[in-house]
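Chemist: In order, the protein sequence lines correspond to chains A and B. The first sequence begins at 832 in the numbering used here and counts up one residue at a time. The second sequence begins at 198 in the numbering used here and counts up one residue at a time.
The set of hints was computed from the structure by calculation and includes no laboratory data. Using N, Cα and C, we set each Cβ at its ideal position, and we do this for glycine too. No false leads were mixed into what you were given.
One side only, chain B facing chain A, incomplete, derived with CB under 8 Å:
#	residue
1	D246
2	E351
3	P373
4	E378
5	L383
6	K483
7	R633
With a cut-off of at most 25 Å between alpha-carbon atoms, the simulated BS3-like pairs for lysine-lysine come out as follows:
#	chain 1	residue 1	chain 2	residue 2
8	A	K1102	A	K1270
9	A	K943	B	K554
10	B	K561	A	K943
11	B	K347	A	K1213
12	A	K1025	A	K1098
13	B	K347	A	K1216
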Amino acid sequence: MRCTWSTLAASLIALGVPSLVSAQGPWVDPRTIPVPELNPIPQIHPQRVQLKNGMIVYFLENHEFPIVDVQARVHVGGIYDPPEKVGLASITGRVMRSGGSTQTNGDALDEKLESMASSVEVGIGDTDGTASASTLTPNLDQTLRLYAQVLRTPAFPQDKIDLAKKQEKTGIASRNDEHLDIAFRELSHLVYGKDHPYARETEYATIDAITRDDLIALHKAYFHPDRMIMTVYGDFNTKKVQTLLNQLFGDWPKATQPLPADPVVGKTEAKGVFFANKSDVTNSVIIIGHEGMREDNPDYPAMDVFHQIVGGGFSSRLFNDIRTLRGLAYATGSFLGAGLHHPGAQGFYVLTQSDSTRATLGYLRNDIQQALTQKPTEEELKRAKDAMLNSLVFTLSSKGAVLNRMAAYEYYGYPADFLTRYEKAVRVVTADEVLAAAKRNVRPDGLVTLLVGDKAALSSQLSAIGPMTDIDISIPEPGTSTVRPEGSEADFKRGQELLGAALEATGGAALSKLSDLTVEESGTISAQGMEIAISTRTLSKFPDCERSEQTLPMGKMIQSVCGGQGWMDAMQGPEDMPAEMVAEAESERNRQLRNVLTAHDQLKLQAMPGETDVEGRPALAVFVVSDKVKDWTIYVDKETHRIVRMDYRGRGITGAPVMAKEFFEDYRQVGGIWYPYKHRIVHDDAPLATMTVSSIKPNTGLTAETFKKP
Amino acid sequence: MKNGLIAATCLCVLVSGSAFSAGFESLESQVKEYRLPNGLTFLVLERHDAPVFSYVTYVDAGSVDDLPGTTGVAHMFEHMAFKGTPTVGTKDYTAEQGAMKKVDEAVAALNAEQDKRQAADSTKIAALTAAVKEAEKKAQEYVISNDFSKILEENGVVDLNAGTFTDWTQYSYSLPSNRLELWARLEGDRLTQPVMREYYTERDVVYEERRFEESSPVGRLVSEWLAASFDAHAYGKDVIGYASDLKRITREDAWDFRKKYYVATNMTIAIVGDVRFEDVKKLADKYFANVQAGDDPPPLRTVEPRHDSEVRVIHEEEAQPIVLVGYHIPGGGDPEWFAADILSDVIGSGRTSRLYKRLVKQDKIAAQTGASAGFIGDKYPTLLFVQAVVAKDATTDAVEKAIYEELNRVSKEGPTADELKKIKTRAQASFIRSMRSNSGLAEELATYEEKWGDWHKLFKYLKALNQVTPADVQRMSADTFRPGNRVVGILRHPETAAAEGGSK
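Based on the provided sequences and hints, a complete structural model is requested.
Modeler: What follows is the structure in structure tokens.
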């Protein structure tokens, strides 16, 4: 402090300014600066109008800036998807925008909007759909016309539907990438019940099942003026826009189909401890929870305060105890799970190192128990209220945001002054009331526990944790899509003959006796519109060791599997390969040419009728009936008898399942065996990779050493 | 902000002539100014829509002001601004000062040994390095980590941020409006008496940031291309500093920078939101009176000489091929600037731009295209830069050729009236949208006052751009797009060079 003073004094003297400040200066502890009462959130007075066709519109003029924002909330949602087509609503929303209208297709729409600096967006979530538009004032008419087109007459072109499905599938493929995502998702399943509309997931099969007719039918059933609430905010004239809306939407017929009933949410039925295994993590997620509540529950404000105190940020009980005091949490907190439409999931969570899972679980349970018995201190109460009102202030930091919240309240059947009531209730709630509400709304015996982590790493802690139920989070593969006739005995015999001939044509005994093979190839991979150069070296020691080295522009990657174990180096040093990846590698080995040929008598091979054409040459198709590989068809050249193509259901670069086609060309003889020197891979009809062999070395005497983890 | 393929913020603000709302036009009259005796300027716009406010402190200094040997110091100092003051972030400032002095001494000893270069004793270096770490550990005992940020988080801060770029350094965040005094207490404190604590640890962090940027082939190309674009002017330097300098800049270096540039007259603070001008004035008097007064540091005197020879920077690597072309244009304060700004939009902004239509849609030789005026700054004469990501099966030669053909077309024919109209509309929209938010408007006001000397110019910009005609753009195009004025950066596969008989 003395230093500060002398610095200040020195500079003040230099300036010739009389000392304004005391020895300490104005630099009091910032935490003691007085904080006056916060001003209330904006009060707005929009005009609410119901058009003849039933559409409800809120108008709020604000001429500060020449912009107009329009937002419509539509009564539609993923919860109404039929179970076998989960994802239909979401995809419909996407394609309504990407595909444009019957009058203005997607690309033309993009260009028109771009040149006006306007935007139009559509999206459908679980319980509602939103369609919004934003424009500069002079372009309001034009933009609203396009907006109306998109809402009323979407084109739903097939190519955009296919694209949306692809994007959705990529999302499915990556949904187990992050264990926090897994945890909150699986909690939903436990809280609501596995196939409950509020918990269910999109799956490959449900996405595949969606057709263009489905989108058209959904739009027809749900998108009607009497199922919408719209807000118009900004620099416009209410009368003029009302007239325009009547022009654009006036003759839009009302809905004829009744809305389905909303799903019911009861108390959580799942009991005990559940475990979802994720083997490539070094920490565990622990969540303890059950059902939450709707926001119109009278206890909502008090429970919001409760969760802020217990688990809302670094001043919370959970943070102070499990993180600051014990150093056991990477992250910790709690949530109420309150929803305008339906109760969410309520819970308390910790992210902790695998080693400390059991101990942390214990502390978490203690903290929950304490929270239900120890009422908040006055300081806790004040700090929580402060934090909550602060964040409220930022979510409603403009009149436009308040307007949309108002419309949401009407949409969900809440009173117009709901927010003001909530704010007031938070300000006045007492510590006793908070505790009482907690006791009413958190059922200690009804809480279910979920763990997500590496079960192997936790093996020594499992018995201490007690009995638990395993959850299978594996992503269901889509079913087979190959249509084929019932195979007769003759068909299967012929299949064996064809592959037998292929074996002979590819080297026969020399191929069967091949003990190892080293192949170097180079080529390109197409990914995200770019071509990436790649060179590979694959070392195989038959029957079950394979090591593959891939050199890409960004570095070198190695994968090695031998006898059911594997390791890999993805430019971060050698690591053990997760079990799923080892299984995947082994499945791929089943499809290797050499293995298919030498073990063909162990496969169920159904020769297909007729002839096909592979790269202009006649070929015969053989379907492989297999549990391990789906939609697997081998094509044998009619003349040379060698395998020239193989189709199967595999995995794309993003992890999503794809229909793969591999082409084997330019066969040359090397030491008694025939090898394809050119190899092309196509995924879902898009070229993926083209590789050319630069060297082949059979039988160089590879040993197990080659495949060992360094 | 980092180097790389980023388009600089281009204040493309144009009016299609008419329809400004009444409210918008009166915005200018609502801005209030307050200047302290030390020269510090406050701009305040009251907006009582919601009980929040945003602020921006804009310092008219950036990486261009780094000196050789201490590049990276402007950016380092910005990091230091979060470490606290004598009264924030420390358990015992007096004791801490002693400990920090010991760190400085240890670092000086290490530097002295390193300066022996080939004669340096590596064992000694190892020992001295360990001594520095030891001294840092001791100093660390007095530190309350992240105290500054924590206080703000407890009080509901949103968008806590800071940035260093070529021309400027900015600090900003938003708070509920009943925290105005807290803001003044914290901001006034750190502008008056920042403490360079945890300096060398932070320097290591910045060094790692730099290494991360270096790991991208595009990042490396841009760095060398930029250096080749500016023979004389400091825009050619890396914002984050050269690696060798980063290993040596000391606390004293950062402090010297601060003494010269963090002078009251060299900064402007803009506050927009639910505040009262009278309150801001009182708080300014109380907490900002002792921000160091002094002479306004002079602008850079070196002007990049005219370029008459094409420069080519070729980088060969197995990576996505790209083509960059930079052309020298006037700076943002020049009356010709507006034509250059619009020119870059005609060439490269959006799906209806010249380059997109020709290279992406028509010839299909590029996957992406773009152009932007004011890379890598706009306070001084700068670059209009054009970029294209080469499509599969296309060559960098073909892309280059097509780019020049399109640029020459604009030089010959100019843009159409329709093109100009669309561009002006888009620029207007983006300008207005940025003004709509408290933080956006605060940034614009502070920037205009400090960089251009007068915040009123913000409200004239729209009109000025609207006056640009197709002929102006054509003339700017002809002046700019000459081969002698360009610096080409190419990232291509090595095979291409081999095929063309070139050497690696």
